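Chains as they are written, first to last, in this note's numbering: chain A, 1 to 507; chain B, 1001 to 1327; chain C, 2001 to 2320.
In case anyone wonders, no lab produced these hints; they're calculated from the structure.
Any given hint could be a false lead.
[Stated by the list, open to error] Here are the simulated lysine to aspartate or glutamate pairs, DMTMM-like style, with alpha carbons at most 25 angstroms apart:
1. Lys1192/B / Asp395/A
2. Lys159/A / Glu2194/C
3. Lys188/A / Glu7/A
4. Lys9/A / Glu221/A
5. Lys324/A / Glu2317/C
Predicted model only: the values in this text are computed from it and were never measured.
Take a look at the letters that make up each chain.
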Amino acid sequence: MADRYVELKSVSKSYGGVPALTAVDFRCEPGRVHAILGENGAGKSTLMKLLAGVIQPDAGTISIGGQTVRFSSPREAAEQGTVCMFQELSLMPHLSVGDNIVLAAPRTRMGMIERSVYREAREALDLVGAKSIPLGARVSGLSLSERQLVEIAKAVFRKPKLLILDEATSALTSELVETVFGVLRMLKEQGVAILFISHRMHEVDAIADRISVFRNGRHIETFDVGARTTDEIVGLMIGRSLEELFPPRRAPVPDTAPVVLNVSNVSWASQLVDVSLAARAGEIVGLGGLDAQGQQQIMHAVFGVLRGVTGRITLNGKRLNGLKPPRVKQSDIGLALVPEDRKTEGLIPSMSVAQNMRLAVLGRAPFGLLDLDGSSEARLQELIERLALTYGSLDDPIATLSGGNQQKVVLAKWLVLSPKCLLLMDPTRGIDLPTKAQIYRLLTDLAAEGMAVILQSTDYEELIHLCDRVYVFYRGSVAKELTGDHLTADALIAASMNVHLHAGAQA
Amino acid sequence: MTDATERTVTSRWLNRDRVSVLLIALGCVALLLGGSLLYPGFLKPGYILQQLQIAAFLGIIATGAMLVILLGEIDLSVPWTITGTAIVVISASGSSNPLVASLAIPLGLCLGIAVGLLNAIGVAVFRVPAMVWTLAVNAMLLGAAVFYTGNSRPNGEVPWLATQAATGRTFGIPNAFLVWLVVAAITVWVLKRTVYGNYLYALGNSRRAVFLAGARVRLVMVATFVLAGVFSSFGAILLLGYTNQAYQGMGDPYLMPVISAVVIGGTSIQGGRGNYIGTFAGAIFITLLSSILSVMQMPPAAREMIFGAIILVMLLVHGLTNKKEGV
Amino acid sequence: MMTWLRQNARETIAALALVILFAGYIAIHPRGFSTYVVTIWSNQGTLLGLAAIAQFFVVLVKGIDLSVGSIIALTNVMGSFLLNGSPTSIALGMAVVLTVGVACGLVNGIAVVYGGVQPIVTTLATGGIFGGIALLLRPTPGGSIDETMSDALTYAVAGIPVSAVILVIVLVILLVLLRRTAVGLGLYAIGSSEQSAYMTGLRVNRLKLVAYGSSGFVAALAGTYVSMVTLTGDPNIAPSYTLNSIAAVVLGGVALSGGVGSPLGAVIGALILKTISSLMFFSGLPPLAQPFFEGLILATAIALGALGVFQVRSRLELYR
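Next up, chain A with everything else stripped away, as it sits in the complex (with noise of 0.2 angstroms):
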């Protein structure tokens, strides 16, 4: 058993010239829970893509079991045992629970889909502690964390000798979490190798043997579980102190300051419950929580996105309920939203660097006509020096700047109109550590210079370091709000599982 192992030998991977992977040596074995850690954009999804099939390295070797392989579609990494569980789920959402697991590795007798299949396809479900999904339920009526279930019992159903976990347990509540490593454990004794890739330390604590941490498409080291202290890891992953990434921490922002955006009793079908909250001015507020939690929604409301929402939302006194994006980004009210999904919200991936940029303040050109608008472009240059924009030529398609590059053209697209509210979507996801260090300065100067942040968020540290205030969001409603000395990691975590820790709880 202990011959069968997965190795991969100076593995490079990159895309249209942005590298993502680096001569990759790694390796892991049979029997084992190995965990990968990692910035967003360290090579992580990347690293698991190969293994599954899904991409070609450019250069070097994999190879499974001492033999070298290269898999031109997932199909054919399945065939070998190497089962992937993606992040972006891979579920079909028209089709039934229990068809889903089947397709996943039917057996037939005369064409026809065996009958026992399904009894299997039951047992996996049962097995991760989905006992309460139908079989016959339909995946799009299922709720992330079934889904997830879901995933987790379609990945055991194929019986793989490589298990590949991409953030797995993302919307697991505890008790879930635990049934499901259960189950790796069992598959552990069984002889299965496992990749785990997980941004809770105190999962990959649990679970895993070693660890492997990557950065800017590297492996920097592997190590066993115990062998290095939490900061110890942090540090590795990040590659530097969190001082250096994060400015300064500013002046808390006085009670005198105006009170920009007020949103109070706000909900919206179920998933936004009497969420109340304020911004002032040159204050950076964090929206906190697992992932989901209603704070997306939040967004969304404020900036007209949903229909049917109740309660009351305010910018500078003005009331925004029944508006629409159109109006509120008018500058009279100047909202400005930078969505969560930048590939498919954010950017249209296929046109320019300048239409990208020019997009939201077409509307501005006087009757309509582009030649008469002098002004914005003069601003947008001043936009592009100020961010530090690096690209080739502003005719190029957004495609070819990397992620940072990307984000900074989101970024311009709503600064040039100069708003005074600005909503951010988890606006670091996927960013290299550079480009992230230069956006949190440049949300710390646009408070500075007054503007109202809101900072939705995932990530602890951003929002421990950067913002004033964070509301830590629990299924649709503010389960809490912290500031000052009590936003802290321990309280984040806690509040968003919505647990109370020892007596400093407060309401």
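For chain A, the structure is supplied; the task is to place chains B and C on it using the hints.
Chains B and C only, in chain A's frame:
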């Protein structure tokens, strides 16, 4: 490091459109040369001018179709918008009421606007796939036309202006072609230099991103369908001036050539990319092609086949180069 | 049962609408409920039903087939040459016709899958080609078809129209294949999410070819049955079948965005359309007004089906 990144990085975005135009221009030249081997009159200015005149009708209608395709939708109501407009104009113009008679052409254009609005309601408000909705609108127009004319050829008069614009010549150049040139110039300018044009391209690429950039998405969509209706009607009025009669099904042979002209001109059927010069050349190419096929005395069936085959080959060339470039 | 109804709400509503319309049709028909009336209705419905199933296969994998009518016309015309003579030559002819149908479908599929051309323009172009071949073969309607066979397939046995039996058999086979085989589920999978299907290890390209090939096969069945019902080969029937097949799948709850719907729904949609036009014929409306009302009813039905859009609570969902 997304798939989209990976796919578009290698494409030479600016050149692709030019390549399309070049390709189709070469196609036109090849058709002319090939035609001249069969029939020496092909390279005579008289023949070419006549072809440009005929291409103008197709080209003007294709302008509207192109706008809709840039948006990422499609307008299959073109055939009966053409027929309907011709019927309205010819009957109004023949009306005994002088006011109605003098307003024949504006009335025809109004029909185009109405059809455009109807299309827009289905697509922009109800979000029905354009392919289905415009097909249903086409069926309704057909029904209305049949009901109105009683299935016989409508009587009336062709307005003088329509005849002049379609068949007259200025300094030897067909008026229809001159009209088309003006339409083309305006279209190129609108697509490049106006907010509408820029949002149109952007919408064809990503509705979501444009919506989140705070654009009036619905307004742009409605405007596009209305413009398409107007162009169909405009083309129909010229066509009426040319054929000097309106008849059931006069628009039917135009759907395929119109879409073909746009698509082989390099406009992506998924929307968001393409330029008007391509459509312009595409309309001329299609016109020359059908002219040559009829000169060769191909039976209509064979013409239809060759037509389809050539279009498919052009599409495959586009498709395969796109695939290679990874667009 | 309730969950099934909820998950297949569109089909259920369509089926109810069909029952009501059919009752209306029978009530209004001068000859009332008789084998004759039902057989005519069933024959016409089967023609369009098969066309709708052909369209369904392509729509299932997120395509659209504007050449369905042309394939039906082409196979109908070929049938008018081949479907007569000795039983052996009829059988052989049948095989040829069906093969041609599959080949036409595969041409579409190959252009879409390997040529990178959008389904709508591919089939617009191939529709011209297939239609052109049909016209070349038979410029005007005509030809001869074995009448014994035609009678056997278009009359009724014991009061039950043979066409209905054929349609039911085709439906049952297809439902089993689509729901119980890996290939059938795979078609739903790639229509639902091509990327997820690929990640799951399905052979996406091959499955798409299966969908287009099946569409061609069913279109050839439809073409053959047209030959049986009309006893001629007519190259000009293409446009009406294309239009009605698309309308039928939409009415029958098949999502044009792929992955949702069933051949049963497509057939119900087709029967609704057929019943509406038959109803109109006997309704006393002036015949000249009928095409307009057909179009109007079609548009209204589609718009009603789209009313859900007003319940969407996040505008972002409107812009995909």
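Could you check the structure against the hints above and give me the numbers of any it violates, in ascending order? none
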